[in-house]
Amino acid sequence: MRSTKGIRSLVALVAAAALLAGCGGDRSGSRSGGGTRLSIATGNTTGVYYVLGGGLAEQIGRHLPGYQATAEATGASVENIQRVAKGQSDIAFTLADTAADAIAGKGSFTAPQPIRAIARLYDNYTHVLARTDAGVKSVADLKGKRVSTGSPNSGTEVIALRLLAAAGLDPDKDVTRQALSLPETVQGLKDGTLDALVWSGGLPTSGITDLVAGMGDDVSFVPLDGSLAAMRGAHGEVYAAGTIPKAVYGTPSDVPTIVVPNLLVVNESMDPALAESLTRLLFDHKADLEKVHAAAEDITRDAAPKTDPVPLHDGAKKYFG
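Counted the way mature numbering (1 follows the signal peptide of the UniProt record, and there is no 0) counts, the sequence shown spans residues -21 to -1, 1 to 300.
A portion of the hints provided could be inaccurate.
Capping the alpha-carbon separation at 25 Å, the derived lysine to aspartate or glutamate pairs in DMTMM-like fashion look like this [to be verified]: (1) Lys85 <-> Asp149; (2) Lys285 <-> Glu216; (3) Lys124 <-> Asp149; (4) Lys85 <-> Asp287; (5) Lys169 <-> Asp197.
Don't read these hints as lab results, they were simulated from the structure. In this text, all values refer to a predicted model and were calculated from it rather than measured experimentally.
Let the hints inform the model, and build the full structure from the sequences given.
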């Protein structure tokens, strides 16, 4: 049976898409008839970033005098940080592991990036699904398979490549890797042009809900409890054990997985007063964000300042005290 959260999120996705369609296409930080327009870098259109970004844009327009906001579909984490660093976007969703690389100037980044955190948000859950006829029971079984590792320059891609390496696989030699968006990936599994996917997202992700509902027993989740030690050994404690409850996607049992926090980040040069206002808005209007997507229920005042190794913006520091 499909979970109540899943149904709520599917409805929210439609509403958010309609909202974003009316947001216009002004450049980041530009002046428009409604005041200063902020650009929010999100992710794939069937992912949680996109839905919550639409909700955040709506709340900014309603409750931040002099500002309107546009949520932009992107490749997600790596691209989002690059956009904020270059001033192409004002606010961005990102996975904490990608943000840690950005601060250190490693991985996808050749130098430290000028980003600061507004808040830690909810956790992302790593989803690995495979067609049942592919016979995949572990990450190591992906050898020789056609695997979508997510959009180029996404946090999903970062995690997917690390997962494959942790299982002793060379992502460029041992699998036929395809860097596809989530909608393209879901269609590929349905069509049989892909054997498996890796996705990092909140619960539930509507694209995954669609895949499971459409394929039923012809697709299954791959447990990741055997991958955690190698991931932490190579990349640190940003990765933690987690569980996708069976009620989320109607699986026969809970699925052990790997989780990583999400952060909301801005450029270090953002006006502290604006950064403080954005942080306050997250919590003053959290109930409205929860109506957009259930993942917002997991944003907490206690956890929000815990963004290490990404420093909090001075405006966020002022809000949290």
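Name the hints, by number, that the structure is in violation of. none
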